[in-house]
Amino acid sequence: MIEFKQSALLALVRRYYPRGSAWNDHDHNPPPDLPEEIKRLAALWERELANDETWQRLKQTLRDCLSQGVGEMSVPVHDAGRRCAVYLDHFKDVPRGQPARIVVGAVSLIAPLYYVYGVNRTYDDPRNPDQLLVELPPGEMKEVGEVVARCIEQVYDYRPLPVELARVPVEGLCMDHMRFEGWTLLEALFTTDPANLP
Amino acid sequence: MRLLALASLLVLSARPCSSEVRGYIRPEHFRFVTLVKDNDKTLPGGGDQGVCLHAWVHSRDTDSAVLCDFEVHLPLRTQMQGAISLTFGQKTCAELANLAAYEVFSEPGASEMLGIACQEFRDLYGRYLDAAIPGARVKKCLEPRLVPVKVDGFSR
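As given, the protein sequences belong to chains P and Z, one line each in that order. Under this note's numbering, the first residue of the first sequence carries the number 1015, and numbering increases by one thereafter. Under this note's numbering, the first residue of the second sequence carries the number 76, and numbering increases by one thereafter.
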């Protein structure tokens, strides 16, 4: 099994996001062709969606292990990985202003890596932003997260991305058009919108 | 209806020095394509559908224009709304696109940097849409399977 180093992962994600601070193509009609890096990512998605038996097997394995079931959260091309989510609370059962707890399992399309994280989603208060939990807090979230991790390892021959690497900043890449600051390896390898869920 | 009322209120209360924005994106422009199937209907939410729109934004005072492309993704189902019907999805997407466009493109400095204004529009629209349909996203058009829908767009 390959051990991934920080420098190798940073070099790897450069293959899938264009360089630079902005990607200004508004003055062209029709818009110019997509950058090579995005085309590479799109090709990975095309291959994955044409044959995603392993991913479907993972969701079935999770359903067999967890009473809550698991939802399909993949958003092609904008994310570099597939995601599924376990809802610990139904939004109707959560007291007003309190967050609903969601555990997310993400499998990268660009490296044999996975990551399990949490989201505290507040549905009824727009002033209270959804909170990304890069590390799962002890208790039910952590317990469910461990089941998700175990199932991923059972189905995929993948390793978890260590937390300290998940937080490593990714510099100089344009991962979401004009936003070029504040990205992390977690976002580059798995999802540009980790807290965004139904 | 509530969204429409909110939109009218915001348009009416725009600052006096801001520019009037004309143009309207219609619900039927949002021709969604299912990208990731939602294969377990017993669960709280999931699946993905998308559409890419190409809208021109024209500035009358500088006579400049940019093509503002944006890709809208909606879950097929959310725990709040259940299955997102095409009518509900299209109506909500159109109302909030117009609301976000009027807010961003009426800003006094928008003419000078229409490309930046387009990105601000995507960001604001994405926030409004995620509040209305949890899990929605608005991005630049990247998905090759989505054939762009050309719309008239906006002028200011």
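Any given hint could turn out to be false.
[Unchecked claim] Distance condition first, Cα-Cα at most 25 Å in a straight line; then the derived SDA-like pairs of lysine to any residue:
id, chain 1, residue 1, chain 2, residue 2
1, P, Lys1053, Z, Ser139
2, Z, Lys116, P, Lys1053
3, Z, Lys112, P, Thr1075
4, Z, Lys112, P, Pro1032
5, P, Lys1053, Z, Gly190
6, Z, Lys112, P, Glu1067
7, Z, Lys112, P, Val1169
8, Z, Lys112, P, Asn1065
9, Z, Lys116, P, Thr1068
10, Z, Lys225, Z, Gly157
11, Z, Lys112, P, Lys1156
12, P, Lys1019, Z, Lys225
13, Z, Lys116, P, Glu1062
14, Z, Lys116, P, Cys1079
15, Z, Lys116, P, Ala1064
16, Z, Lys112, P, Ser1081
17, P, Lys1019, Z, Lys112
18, Z, Lys112, P, Glu1062
19, Z, Lys112, P, Gln1082
20, Z, Lys116, P, Phe1105
In case anyone wonders, no lab produced these hints; they're calculated from the structure.
Status of each hint after checking the structure:
With a C-alpha separation of about 30 Å, the suggested pair Lys1053/P and Ser139/Z falls outside the 25 Å cut-off, and the hint is violated. Distance hint between Lys116/Z and Lys1053/P is unfulfilled; the C-alpha atoms sit about 32 Å from each other, more than 25 Å. Between Lys112/Z and Thr1075/P, the direct Cα distance comes to roughly 18 Å. Compliance with the 25 Å bound is thereby established for this hinted pair. Restraint check for Lys112/Z and Pro1032/P: the C-alpha separation of about 29 Å exceeds 25 Å, so the hint is violated.
Proposed proximity of Lys1053/P and Gly190/Z is supported: the alpha carbons are some 22 Å apart, at most 25 Å. The straight-line distance between the Cα atoms of Lys112/Z and Glu1067/P is roughly 13 Å, inside the 25 Å bound, and the hint therefore holds. For the hint pairing Lys112/Z with Val1169/P, the CA-to-CA distance comes to about 21 Å; that is within 25 Å, so the pair holds. This hinted pair checks out: Lys112/Z and Asn1065/P have alpha carbons roughly 13 Å apart, not beyond 25 Å.
Taking the CA atoms of Lys116/Z and Thr1068/P, the gap is near 20 Å; set against the 25 Å cutoff, the hint holds. Only pairs whose Cα atoms come within 25 Å are accepted, and Lys225/Z paired with Gly157/Z is rejected, the gap being roughly 30 Å. As the CA atoms of Lys112/Z and Lys1156/P are separated by approximately 28 Å, the hinted pair breaks the 25 Å bound. Distance check on the hinted pair: Lys1019/P and Lys225/Z sit about 45 Å apart at the alpha-carbon level, beyond 25 Å; violated.
For a cut-off of 25 Å, the pair hint linking Lys116/Z to Glu1062/P stands: about 22 Å separates their Cα positions. The hinted pair formed by Lys116/Z and Cys1079/P meets the criterion: a straight-line CA distance of about 18 Å does not exceed 25 Å. A distance of roughly 22 Å separates the Cα atoms of Lys116/Z and Ala1064/P; the hinted pair therefore holds under the 25 Å criterion. For the suggested pair Lys112/Z and Ser1081/P, the alpha carbons sit about 22 Å apart, so the restraint of at most 25 Å is met.
Using a Cα cut-off of 25 Å, the hinted pair Lys1019/P and Lys112/Z is violated, with the two alpha carbons roughly 35 Å apart. Proposed proximity of Lys112/Z and Glu1062/P is supported: the alpha carbons are some 13 Å apart, at most 25 Å. The suggested pairing of Lys112/Z with Gln1082/P holds, with an alpha-carbon distance near 20 Å, which does not exceed 25 Å. For the proposed pair Lys116/Z and Phe1105/P, the alpha carbon gap of about 17 Å is at most 25 Å, so the pair holds.
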